[in-house]
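As they're listed, the protein sequences go chains A and B.
In terms of numbering that gives the first Met the number 0, the first sequence has 41 at position 42, counting the first letter as 1, and numbering is strictly consecutive.
In terms of numbering that gives the first Met the number 0, the second sequence has 100 at position 101, counting the first letter as 1, and numbering is strictly consecutive.
Calculated directly from the structure, the hints in this document are not laboratory data.
Heads up, the beta-carbon is just placed ideally off N, CA and C, and yes, glycines get one too.
Incorrect hints may have been included.
Unchecked claim - What the simulated footprint calls covered on chain B by chain A, stretch by stretch (three residues with Cβ under 8 Å from a Cβ of chain A suffice, anywhere in the stretch; the number is not a length):
| hint | region |
| --- | --- |
| 1 | 30–38 |
| 2 | 295–303 |
| 3 | 313–325 |
What the hints assert, rightly or not - Computed cross-link-like contacts, DSS-like style, restricted to lysine-lysine with a CA-CA straight-line distance of at most 30 Å:
| hint | chain 1 | residue 1 | chain 2 | residue 2 |
| --- | --- | --- | --- | --- |
| 4 | B | Lys325 | B | Lys366 |
| 5 | A | Lys48 | A | Lys101 |
| 6 | A | Lys44 | B | Lys325 |
| 7 | A | Lys88 | B | Lys266 |
| 8 | B | Lys123 | B | Lys82 |
| 9 | B | Lys213 | A | Lys10 |
| 10 | B | Lys263 | B | Lys239 |
| 11 | B | Lys239 | B | Lys336 |
| 12 | B | Lys263 | B | Lys366 |
| 13 | B | Lys266 | B | Lys239 |
| 14 | A | Lys101 | A | Lys16 |
| 15 | B | Lys309 | A | Lys88 |
| 16 | B | Lys277 | B | Lys239 |
| 17 | A | Lys44 | B | Lys82 |
| 18 | B | Lys239 | B | Lys325 |
Claimed, not checked - Listed below are several chain B residues computed to face chain A (Cβ distance under 8 Å; list not exhaustive):
| hint | residue |
| --- | --- |
| 19 | Gly229 |
| 20 | Gln344 |
| 21 | Arg348 |
Residue strings, one per chain:
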Amino acid sequence: MSYPENFKYTKEHEWVKVEGDSGIIGITDHAQEELGDIVFVDLPKSGAKVRKGETFGSVESVKAVSDIYSPVSGEVTAVNELLSTSPEKLNEDPHGAAWLIKVKLSDSGELNGLLSAADYQSYIGAE
Amino acid sequence: MTAAADLKRTPLFEVHSASNAKMVDFGGWNMPVQYSSILEEHHAVRTAVGIFDVSHMGEIEIEGPEANQLVNYVSTNNASKLKPGQAHYSALLYEHGGFVDDILVHKISETHFFLCVNASNQEKDFEHIRSHNHFDAGLVFASERYAQLAIQGPKSRETLQKLTATPLNEIKYYWFTDGAVAGVPARIAHTGYTGEDGFEIYIAPDSAQQIWSKVLQAGEEFGIKPCGLGARNTLRLEAKMALYGHELTASINPFEADLAWIVKMDKGDFVGRSALEKALQQGVTRRLAGFQMIGRGIARDGYEVWIDSKPAGWVTSGGPSPTLNKNIGLCYLPVEKAVPDVVIQIPIRNSPVEAMTVLTPFYKRPKS
Chain A
0 MSYPENFKYT
10 KEHEWVKVEG
20 DSGIIGITDH
30 AQEELGDIVF
40 VDLPKSGAKV
50 RKGETFGSVE
60 SVKAVSDIYS
70 PVSGEVTAVN
80 ELLSTSPEKL
90 NEDPHGAAWL
100 IKVKLSDSGE
110 LNGLLSAADY
120 QSYIGAE
Chain B
0 MTAAADLKRT
10 PLFEVHSASN
20 AKMVDFGGWN
30 MPVQYSSILE
40 EHHAVRTAVG
50 IFDVSHMGEI
60 EIEGPEANQL
70 VNYVSTNNAS
80 KLKPGQAHYS
90 ALLYEHGGFV
100 DDILVHKISE
110 THFFLCVNAS
120 NQEKDFEHIR
130 SHNHFDAGLV
140 FASERYAQLA
150 IQGPKSRETL
160 QKLTATPLNE
170 IKYYWFTDGA
180 VAGVPARIAH
190 TGYTGEDGFE
200 IYIAPDSAQQ
210 IWSKVLQAGE
220 EFGIKPCGLG
230 ARNTLRLEAK
240 MALYGHELTA
250 SINPFEADLA
260 WIVKMDKGDF
270 VGRSALEKAL
280 QQGVTRRLAG
290 FQMIGRGIAR
300 DGYEVWIDSK
310 PAGWVTSGGP
320 SPTLNKNIGL
330 CYLPVEKAVP
340 DVVIQIPIRN
350 SPVEAMTVLT
360 PFYKRPKS
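Make a model of the complete structure from these sequences and hints.
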């Protein structure tokens, strides 16, 4: 699976796609691959605040639970309801239909510290 | 964490690596946790057949005129009841009644027993038995002599039968026989750790790769899958089979672990017996119980269990049940609460999620 050029990535294996003053957040294909069969996704509600580098939810595979860290700070404006009934979509389409949350960015300057697609791919290649 | 290069390997390590299995450190062993998907592997065993490399398991041989006495003295079940070719589940206990390990005892002859023990406990078990060996019996640490493969699932018999002249339908459940698989000497046991019908075979390490690929070929028409420790865990949890380090520890006794059926108090003295007698007199205060999540969330090993907003116990194993499509687990609870239909709460990331105790096993295979 390819890593979209217009996403920014974290070393904790999340991505953010910026649209205007909003960011859509998900986990990377590498993350879902490492986790294996995903069976449960725990996400905040709309209106919740997330902070860059802090955990806002979790993804559980058959085997284990993993925290998800926010790549940016802001207020949650939408939550992907698909994942509450079909968590396995995260294994199938982690960069598309299985996005996690949408946030209104509070500081677009935070995006500068994130990895490009190329940097992220070389990071996971070396990991 | 041990560096991967220092981890112990089974004779099938190269095969696992070549098949891109995901490998993990399991008690000092570099073992496959999954090949394709834990869910797919789990379903393959429930509906067809799967093969597991369990060569990390330890083997201890006890031989001599008083082999039976030694086995009976260090284990809880009554080895005198076994007939040659029969096996049973048993436990090694400390003097204080806690578990050293849970084991399978195979009686080869009146003077020869073969124990299958947990991988990470094998050296400890051997020392434990040796320290209590004041009998006319020899003790051999035999783990290096054996690789072990588990072929499990409703199609396991048909799969394995293609490779052996031994009539498998004549081996009763928890019996075994020495025969050959794919032309190689093998101890074929009708045992397993999945809650499904199946066999565990003990073979020479240098024949493991050959037999592994022969079994995969034989099971191809049924959709056989190589299965890792991930599926082994979800399968055994559904069947409520205990796992050392989780349900069983040095501070848990067999009555607490709901394993009274492997303790034969009337067979004579054995290590841990007086502590168990005392425990029975004083009354067992906690017991293992199964539960099912009601609220959204998955309870995991080590999570606390609350009843009426007060700590009441802990989760020993928890996770999704692929067969039942529910989130299940095992936990220790005060004995009066370790019965079905008790509402419990499990704090998951700081918020209590409701669950309910249920009858176990969670899954029982349909009688064929």
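Given the hinted pair lysine 309 of chain B and lysine 88 of chain A, is their alpha-carbon gap at most 30 Å?
37 Å, violated
Can the restraint linking lysine 263 of chain B and lysine 239 of chain B be considered satisfied, given a maximum Cα separation of 30 Å?
Roughly 21 Å separates the two Cα atoms, so the pair holds.
Given the hint that lysine 213 of chain B pairs with lysine 10 of chain A, test it: the Cα-Cα distance must not exceed 30 Å.
Answer violated: lysine 213 of chain B to lysine 10 of chain A is near 43 Å, above 30 Å.
Proposed proximity, lysine 239 of chain B with lysine 266 of chain B (alpha carbon, max 30 Å):
27 Å, holds
Under 8 Å between beta-carbons, do enough residues of the region 30–38 of chain B, three at least, approach chain A for the coverage claim to hold?
Coverage by chain A holds here, the residue count being 5 at a Cβ distance below 8 Å.
Hint check: is the beta carbon of glycine 229 of chain B less than 8 Å from a beta carbon of chain A?
5 Å, holds
Using a Cβ cutoff of 8 Å, are there at least 3 residues of the region 313–325 of chain B near chain A, or does the coverage claim fail?
Held - the region 313–325 of chain B has 3 residues with a Cβ nearer than 8 Å to chain A, which meets the minimum of three.
Is the Cα-Cα distance between lysine 239 of chain B and lysine 336 of chain B 30 Å or less?
The hint holds at about 18 Å.
Against the 30 Å threshold, does the CA-CA distance of lysine 44 of chain A and lysine 82 of chain B hold or violate the hint?
62 Å, violated
Has the given pair, lysine 88 of chain A with lysine 266 of chain B, been kept, meaning a C-alpha gap of at most 30 Å?
56 Å, violated
Under 8 Å, Cβ to Cβ, is where glutamine 344 of chain B needs to be relative to chain A, so tell me if that hint holds or is violated.
17 Å, violated
Within a Cα-Cα threshold of 30 Å, do lysine 277 of chain B and lysine 239 of chain B meet the stated pairing?
27 Å, holds
The structure is inconsistent with the numbered hints 7, 9, 15, 17 and 20, although it conforms to all the rest.
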